[in-house]
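Sequences listed follow chains A and B, in order. Whatever position you read off the first sequence (first residue = 1), add 358 for our numbering. Whatever position you read off the second sequence (first residue = 1), add 69 for our numbering.
Accuracy of the hints is not assured; some may be wrong.
To be verified - A few chain B positions that, by computed beta-carbon distances, are all more than 12 Å from chain A:
id: 1; residue: Ile94
id: 2; residue: Pro436
id: 3; residue: Arg472
id: 4; residue: Pro490
Stated by the list, open to error - Okay, derived cross-link-like pairs now, DMTMM-like style, lysine to aspartate or glutamate, Cα gap no bigger than 25 Å in a straight line:
id: 5; chain 1: B; residue 1: Lys617; chain 2: B; residue 2: Asp535
id: 6; chain 1: B; residue 1: Lys515; chain 2: B; residue 2: Asp546
id: 7; chain 1: A; residue 1: Lys430; chain 2: B; residue 2: Glu160
id: 8; chain 1: B; residue 1: Lys617; chain 2: B; residue 2: Glu631
id: 9; chain 1: B; residue 1: Lys515; chain 2: B; residue 2: Asp475
id: 10; chain 1: B; residue 1: Lys278; chain 2: B; residue 2: Asp526
id: 11; chain 1: B; residue 1: Lys114; chain 2: B; residue 2: Asp211
id: 12; chain 1: A; residue 1: Lys388; chain 2: B; residue 2: Glu160
id: 13; chain 1: B; residue 1: Lys120; chain 2: A; residue 2: Asp390
If you're looking for bench data, these hints aren't it; they were derived computationally from the structure. Glycine included, C-beta positions come from ideal geometry on N, C-alpha and C.
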Amino acid sequence: MIRRTVTVTNSAGLHARPAAQLVQVASQYKSDFFIHMYGYRVNGKSILGVMTLAAEQGAELELEFIGEDEEKACEAVVGLFSAGFNEH
Amino acid sequence: MAEAYSRSIHGSYGSGGCALGTVLIPGQVYDGNGSVMSTSADPKKELDRFKTAHNDAITSLQHVVDAAKKMTGRDVIDIIQTQQEILLDPELNQSILQLIEESSLLAEQAIDQVFRRYIRSIEETGIAYMVERTADLRDIRDRLLRHLNVAQFPTQRHGNILINHEITPTELLEYAPFISGAAMVKGGSTSHVVIIAKSIGIPFVVGVKELMQHATKGLSVAIDADRAQILLDPDAETCSRIQSRIKNGQESTLPQIEDTMPAQTRCGTPIRVLANVEFGSDLENIATYQPQGVGLVRTESMLMAMVTDHSVARQQEFYLSVVEASLPHEVTFRLIDIGGDKLNERESFETNPHLGWRGARLLLDRPSLLDTQLEAILRVSATHPGMIRVMLPMLTILDEWYRFKDHLHVVQRRLSANHIPYDPSIKLGMMIEVPSAAIMAHQLAKEADFFSIGTNDLTQYVMAVDRGNPMVSSLYDTLHPAVLETIRIASDAAQQHNIPISICGESASDPVSAACFIGLGVRDLSMNPRAIPSIRKMIRDTTMDECKQLAMKLLSAHTLEERKAIRGMRDEG
Numbered sequence: 359m360i361r362r363t364v365t366v367t368n369s370a371g372l373h374a375r376p377a378a379q380l381v382q383v384a385s386q387y388k389s390d391f392f393i394h395m396y397g398y399r400v401n402g403k404s405i406l407g408v409m410t411l412a413a414e415q416g417a418e419l420e421l422e423f424i425g426e427d428e429e430k431a432c433e434a435v436v437g438l439f440s441a442g443f444n445e446h
Numbered sequence: 070m071a072e073a074y075s076r077s078i079h080g081s082y083g084s085g086g087c088a089l090g091t092v093l094i095p096g097q098v099y100d101g102n103g104s105v106m107s108t109s110a111d112p113k114k115e116l117d118r119f120k121t122a123h124n125d126a127i128t129s130l131q132h133v134v135d136a137a138k139k140m141t142g143r144d145v146i147d148i149i150q151t152q153q154e155i156l157l158d159p160e161l162n163q164s165i166l167q168l169i170e171e172s173s174l175l176a177e178q179a180i181d182q183v184f185r186r187y188i189r190s191i192e193e194t195g196i197a198y199m200v201e202r203t204a205d206l207r208d209i210r211d212r213l214l215r216h217l218n219v220a221q222f223p224t225q226r227h228g229n230i231l232i233n234h235e236i237t238p239t240e241l242l243e244y245a246p247f248i249s250g251a252a253m254v255k256g257g258s259t260s261h262v263v264i265i266a267k268s269i270g271i272p273f274v275v276g277v278k279e280l281m282q283h284a285t286k287g288l289s290v291a292i293d294a295d296r297a298q299i300l301l302d303p304d305a306e307t308c309s310r311i312q313s314r315i316k317n318g319q320e321s322t323l324p325q326i327e328d329t330m331p332a333q334t335r336c337g338t339p340i341r342v343l344a345n346v347e348f349g350s351d352l353e354n355i356a357t358y359q360p361q362g363v364g365l366v367r368t369e370s371m372l373m374a375m376v377t378d379h380s381v382a383r384q385q386e387f388y389l390s391v392v393e394a395s396l397p398h399e400v401t402f403r404l405i406d407i408g409g410d411k412l413n414e415r416e417s418f419e420t421n422p423h424l425g426w427r428g429a430r431l432l433l434d435r436p437s438l439l440d441t442q443l444e445a446i447l448r449v450s451a452t453h454p455g456m457i458r459v460m461l462p463m464l465t466i467l468d469e470w471y472r473f474k475d476h477l478h479v480v481q482r483r484l485s486a487n488h489i490p491y492d493p494s495i496k497l498g499m500m501i502e503v504p505s506a507a508i509m510a511h512q513l514a515k516e517a518d519f520f521s522i523g524t525n526d527l528t529q530y531v532m533a534v535d536r537g538n539p540m541v542s543s544l545y546d547t548l549h550p551a552v553l554e555t556i557r558i559a560s561d562a563a564q565q566h567n568i569p570i571s572i573c574g575e576s577a578s579d580p581v582s583a584a585c586f587i588g589l590g591v592r593d594l595s596m597n598p599r600a601i602p603s604i605r606k607m608i609r610d611t612t613m614d615e616c617k618q619l620a621m622k623l624l625s626a627h628t629l630e631e632r633k634a635i636r637g638m639r640d641e642g
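This is chain B alone, in the form it adopts within the complex (with noise of 0.2 Å):
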């Protein structure tokens, strides 16, 4: 046991699943540093090499977006598409024609020079979400770059772990058909890649700081992404545990009575597994998985997408189509839960925008956004009432809890006069996310429906952390006691007052969190729809002594060590 910590590294939770294969590095690309200095490139054939990968990048990028096409979200083909823009930019590519030409510069070197003055005029432009996008013009150089060196995709089909420092969208889709799992070292769980790599089912670990000096290319290694581990040349007992893991996981795909049956704990305390939703191809995991409900619709992403038209009908085309998909379960949808940046105005260039205009304070000042989707939910709940619940997302006084109540009652009344019908009975829940919340939580109780809590952000505030950030994210804990007690605090809340109480980060599909969530109260875990069946089975496996016990010793576990060792011996059980 000890053996097997001291040969394991650890990051952050990117996609879940297991993995087994050898390390797989991307060809390093020119390093910028004048590596491959060089003054006697010869302008024909540099000229040529530059015109050849060029075509062929041109090639490979619309096979990713072929690919995007059929696998994932709206938003992440616009990146692409404005990738495919860049790359057929004539500026961009008569300017680096004329350095090769002009300066006797290898191919490479043009690409990085012509790309770095791009770079930098808009990085001046000060504009953060124009800053943003130059991720896009890094990704695009070192595309061109890597076709104009024989292209290194491997041979094998199978059983490659694609690791590297980062990791773009477009490098994972290119690599996917190659690769069984994937760990880089930049952190950052809710990056596009991340989003990616779950919704084509890639286990991906993130934020691991040691990865570069441990994983070399070829080496065996195990990845273990819902532990957010990489096992580092295992034995063969752990590749088979691996193995055996990997082999359940694909099983649990299939839809089994025994796998879609509600779940109750092996004392029979009936838990609900509900299930996480944002786009629309989400909804066939429903039929899939089968949870006994939608504990969280994130509105924003489809709103984000619904580039042209926010209107009421468009909205409600979605929501309707989430209600009808979990019939006969309730859905709960978090009204949008956006930063001001996503919004592109002026005024939402923040230093600081974890701590600034987000959530209910963005949605209270927007009341046009508020209400029309307010309005939307209205409209569907006539025809499902009972079955809809709104929770509002980044909750941190009171007060803003009766302003969201006074826009509800302005849009019911609008309704009513227009003789709409609407459920007035309609369930409204806050999201616990922000301490003061939490720590307010007997308070707001009072005041709610339901809660639910966003662990991933509850965390972050409760740690001060931006688990983002390489630098500090180990400090990024879910299973801390500071966090935990928050959690208890609201949970004891949510019972004193009798009001339900969900979980609906990402911890939630992590079998050891949610069997200490459950030990603290909980008793609606909302995850990824994949991790369903592994839940379910952790819940059948476990009695709520067992979770109390649990919640107990971790409440207790102050340091690293004592939480890896709890953690340690649920695996082996």
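Just chain A, with the same shape it has in the complex (with noise of 0.2 Å):
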């Protein structure tokens, strides 16, 4: 199990655009992945579960992957989050 702590920079937060491509991108691997934040846990492959969230600029999320890639894809999520979802 890896867990990785991410701040949300781009401005518009995780809405539906980002939430999409955080799913599209965390499907690609076989390995589960949990988002927590404030005490909530989510799929991260789930888009429903992602946008419920809410998570807006500058909320800390802790990132949690299981699996047998765990680490490729940890990588590739935390990266979207490092690119600010490429809005700017």
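Combine both chains into one complex, guided by the hints.
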């Protein structure tokens, strides 16, 4: 299991389009992927789960990856956050 | 005549054209009120039903995506792709399967409950743009419910008129091959479904309040979407009139010399008939309809579609493509006209966005957006001097205009310092769509190179009515004397200061309104290209005197009945 803390940097937060991007990337890997935020935990491969988090700019998320390709999955997902979902 | 009126119902303009056919109402979906409540559902059977419906829904949505890719803009495809993600959501499907299994619910009930839960939690976030996305959830829910019951697509391929309380974008695309027209109770002529209807050329009337009472399944109806009218059970005469208008509409889509000639009134006054452009795909229409220029380029959709890259270079590419497609005629770019909601910024959650942070107000607060766009347009102007005009949307007070020009000068100085060429005498115009600007037009006209009137917003602000709201949308009347009076003030001011004035709202494509605007002194009309042949025809058939008389009549038509009567008279002619 890998855990990583990331901050939402893009101005729009995890709204529909970034949420779709996140789910699409995470779903390419076999590992389970969960997002923790303020005590909530959602399946990171569920767009509705991610949307209901309503993570806004500045929110701190803990990402959790469990599975055989967890390192690759983690790298890809964290990459999306550091690129701010290519919003600007 | 009187009888013809009593058998017609009215709505608002969605997408133009005429159609004849029989009413088709998509199968009633589960209403969520427990009306099919059953406690003895067989879980095994219901699981199978759900799985089959789910697979069918995935397939049908993929068809919609494929169709949309051929026909419509990027933003529509984005919406549908989000819907695909929702349909494939593992948590969602797991919850539904579990509920069916554990609570012996019908598949319909399980779907309804699970979606309701998600919709509620998204609504609870209170974030406006998230709450808006619940429409996608409802759309997917209804798609699943439709597939649970035998697909009710018609066997007959043509002559159906799609009727419902609300028609979603995906529904319209799905039914498109089977229908020749559509109408819905819900208002909102700027909604996505209307944009799609226009882009695939389906006559569409929206905001028809009494639609469901009158248009019963199988009834024969004629749609005159140009007049936002639905004629119920039309007689033979009405049918042949609509038939011939359908035929004319089809013929006019072919480039004919008669239809592509510049238009002038019967008495010889030239009127410039221009095109509105929004998406790159609209450029084909310029070649087909040969307008005398582009009177309105809506730049915001293109910009929003460039999710990641708003750079000068990317914008320049789009602007250049429009300018080149329009040669040898002029192009008018409207600077980004968006509300704060589109920026997805926290501070933009306004309780009253129509009166809020949008247009010029927003641009002047977001200089990066404004300056980038000005730079891109200026760079394009270097190779096509004199061919480009720029206009500022939602101008309210003169001070905004001065601030706008300050920005322009800064960008121009920066370009000069870097030896980048541009057209220094690029024409700068004001959008007249806020009543304060219309009333003060005599002052504003001294400062601007041209005026352009957005009739949709102007009507909305003059009449204080949101036309997407069916409770009040009947007050939305672009031909109300109050609206025409503000247009007259602006037009008089423009003539006095010798600057051109154009109309670029939807009503420019309505022949009666267009004739009235000409009567008020307007010489440039910009519209959906598909409306160009019929407007050119109207112009050639009409004299300035007739236009002026019509305008005078409408200016004193104080009741709805009087306005209807005037429109009726012209219909006969």
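Verification of the hints:
Listed as a non-interface residue, Ile94 (chain B) keeps its Cβ farther than 12 Å from every Cβ of chain A; the least gap is roughly 30 Å. Taking the minimum C-beta to C-beta distance to chain A, about 15 Å, the non-interface status of Pro436 (chain B) holds against the 12 Å cut. Against chain A, the non-interface label of Arg472 (chain B) holds: every CB pair exceeds 12 Å, the least being about 24 Å. With a least beta-carbon separation of about 28 Å from chain A, Pro490 (chain B) lies farther than 12 Å from that chain, consistent with its non-interface assignment.
Between Lys617 (chain B) and Asp535 (chain B) the CA atoms are separated by roughly 30 Å; this puts the pair beyond 25 Å, and the hint is violated. Taken as a hint, the Lys515 (chain B) and Asp546 (chain B) pair is broken in the structure, with Cα atoms around 30 Å apart against an allowance of 25 Å. A C-alpha spacing of about 23 Å is found between Lys430 (chain A) and Glu160 (chain B), which places the hinted pair at or below 25 Å, so the restraint holds. Pair hint Lys617 (chain B) plus Glu631 (chain B) holds up; C-alpha atoms about 17 Å apart against a cutoff of 25 Å.
Between Lys515 (chain B) and Asp475 (chain B) the CA atoms are separated by roughly 17 Å; this keeps the pair inside 25 Å, and the hint holds. At roughly 22 Å between alpha-carbon atoms, Lys278 (chain B) and Asp526 (chain B) fall within 25 Å of each other, so this suggested pair holds. With a C-alpha separation of about 20 Å, the suggested pairing of Lys114 (chain B) with Asp211 (chain B) holds against the 25 Å cut-off. Between Lys388 (chain A) and Glu160 (chain B) the alpha-carbon distance is near 16 Å, which keeps this suggested pair within the 25 Å criterion.
Note on Lys120 (chain B) and Asp390 (chain A): the hinted pairing holds, with a Cα-Cα distance of about 23 Å set against a maximum of 25 Å.
Hints 5, 6 from the earlier list are contradicted by this structure; the remaining hints agree with it.
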